[in-house]
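Novice: Sequence:
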Amino acid sequence: MLAWSGTGRTEVDPAKVTCPVLCVGGADDQSYVPKAEALAGVYGADWFEQPDAGHNMMVEAASIDTAQRINHWLISTLGLDRSPVIQTAAKR
Numbered sequence: 001m002l003a004w005s006g007t008g009r010t011e012v013d014p015a016k017v018t019c020p021v022l023c024v025g026g027a028d029d030q031s032y033v034p035k036a037e038a039l040a041g042v043y044g045a046d047w048f049e050q051p052d053a054g055h056n057m058m059v060e061a062a063s064i065d066t067a068q069r070i071n072h073w074l075i076s077t078l079g080l081d082r083s084p085v086i087q088t089a090a091k092r
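1 is the number of the first residue of the sequence shown in the numbering used here; add one for each residue after it.
FYI, nobody ran anything at the bench for these hints, they're computed from the structure.
This structure is a prediction, so every number in the text was calculated from the model and none was measured.
Be careful, since some hints might not be right.
[Stated by the list, open to error] Distance condition first, Cα-Cα at most 16 Å in a straight line; then the derived EDC-like pairs of lysine to aspartate or glutamate:
1) K35 with D46
2) K16 with E37
3) K35 with E49
Hey, can you work out the whole structure from these sequences and the hints?
Specialist: This is the structure in structure tokens:
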């Protein structure tokens, strides 16, 4: 369960996290956030660092590769297939 700490940050008790976790970081991320590997260590999680990606990796040039890597993790870890579905405006 997430808890608001009053500091502008959300805090999570790692001992209460019982589901698989994937931490993803951009190799070129210059913001003040924990690195994916360090955060994964806290949660005993899987992790990867996306080369040539910054903090906004899902809207940067590496977005497709990042999404594919996340999809691979979902399939291999959770047995879920979240293959992209492309919809045209006419199908919506």
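Novice: Each hint should be assessed against the structure and marked as holding or not.
Specialist: Here is how each hint holds up against the structure:
1. K35 with D46: Holds, at about 13 Å.
2. K16 with E37: violated, 20 Å
3. K35 with E49: holds, 8 Å
The structure fails hint 2 only (numbered hints given earlier).
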